[in-house]
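A.B. asks: Below are the chains, spelled out letter by letter.
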Amino acid sequence: MNSSVTVAAAPAASAKLAAPRLPGTFWPRFIVGVVLVLGWEFIVRWLAPPYVAKPSTVLMAIPRVIVDPAFLTATGSTLAAVAEGLAIALVFGTVFGLFLGRSRLFERSVGHYVNGFFAMPMVVVLPLFSLWFGYSPATRIATIIFAAIFSIVMNVADGARSVPREYLEVSRAYRANKMSVLFGVVLPASMPYLLAGFRLAAGRALIGAVIAEFFLSIGGLGYYILYNSRSYKHSEAFVGVLLLAAFGVCFELLVFWATKRFMPWYRRER
Amino acid sequence: MTQQQTAAKAGDDGEPRIRVRGLGKHYGALEVFKNINFDVGKREIVAIVGPSGCGKTTLLRCIDGLLPHDVGEILVGDTRVTEPIAGVAMVFQHFGLFPWKTVSENVAYGLRMAGAPKAEIARKVPEFIKLVGLAGFENAFPYQMSGGMQQRCGLARALAVEPNVLLMDEPFAAVDAQTREILQFELLRIWQERPTAMVFVTHSIEEAVLLGHRVIVLKGRPSSIHETITIDLPEPRTRETLQHPRFAVLRERVWSTLMAEAREAEFVLER
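Chains as they are written, first to last, in the numbering used here: chain A, 53 to 322; chain B, 10 to 280.
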């Protein structure tokens, strides 16, 4: 009785285990990519005026654009501003977030303001910033910082709030002072949150920079894209767009590498 | 050996290191323990056993100053304990290692927080890593080590500050049975090299009898000291101690004391 049940159950189980073999990730991705690119190419050829960007013209524009001094200056200017703004946002956002996460009083007094600023679209502060700082790179930096800092603050605060009690207990038992607990225990324990916030912040910083350039008409990749699309050089503009996407990918890879290199313990604790 | 033997006996060398007087503690309306009185000699191991939830870990945290107590007082040497003080080190059940620090950095933590000069840290850290048998793992991260090795590291961190009081909070409860036994004898070896006052909280009766010079049995809700059993086993304690006829007798005695408490607790619940 018992054995017949087992025998009957066995083939069903093994059939479940032998799931149909899925194709690798490469081919499905490749085919979708080809379909999208070809679709774009032919739809634009049939239906759009000749200056509208299509894959073939964008491709042909790349060698021309990447040696164009105007393009290089624009890219350099945007990247430098993003790097500067991100660095400032990272340092101040981290410190602010640590205090926000660990101090009940601080949390109560400024918590809601931080949430409010985080929810505020960065586009709406641009007109104000341009009044305060002028139509200048300073306004762009301010926008980048505004765009980036709150996601760092909120993530670091979350991380600081959820530091395992054991770590705090150990640091108290060894009589660590408050600053050493904050920067020696709470900060490293919050690193995963900080990284998540930083990745969000990087994307938002890039958006902030481009929007500021659109609005302020100061030199940069955003302005380059705007200028070229308005002068019917859509393919050139598109190279700029692709470059922005590439920055996103590169940044992601950089964070991944840095995590593996400098935080080997991350995702492997416990 | 004779020196160690006499030294290990309770109260033999003058003043006790730790004095707990009339200690009581509440968590809100819940009274955890009351009227706790005991001393720990300068070279004495006192084991505290009791059923789960009897407040033995809370008591230990009060002695360390991690938790405040409500009534009574705790003296370590001449210092009244209200917060963690120098010269007292604690080993945690959860190890409490920082995952972002290597073994060396974890061991150095207590020394760094105590403000020890760099040269002293550089000299002491390898010494204590070697003492606990972790030589060769200086640059390993906690996630790369077994539970037993992690607790060796936690022990080295506590010993490195050269405390005169060691507080052990069920330090071997989170490791497997074989490792636990190995670590018990390692601890005895280390203690014989560097004797201190030690309070050892455990729920293993064998462990309490093997390590302790006295075993305190906590009882009741709120708990108080039900009985203090002097463990008159020959020093130094080794593997042979486990075969000693007296060991079985003492283990039985602690066991029956604890079980009487368990039966009473059951009875109280049924009512």
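Hints in this document: simulated from the structure, not taken from any laboratory.
Each hint should be verified, as a subset may be incorrect.
[What the hints assert, rightly or not] Distance windows between CB atoms, simulated:
1) 87/A / 156/B: 47 to 57 Å
2) 229/A / 182/B: 48 to 58 Å
3) 253/B / 214/A: 28 to 38 Å
4) 164/A / 136/B: 30 to 40 Å
5) 252/B / 235/A: 50 to 60 Å
In this text, a Cβ means the ideal position worked out from N, Cα and C, and glycines have one as well.
A.B. asks: Where does the structure disagree with the numbered hints, that is, which hint numbers, in rising order?
C.D. replies: 2, 3, 4
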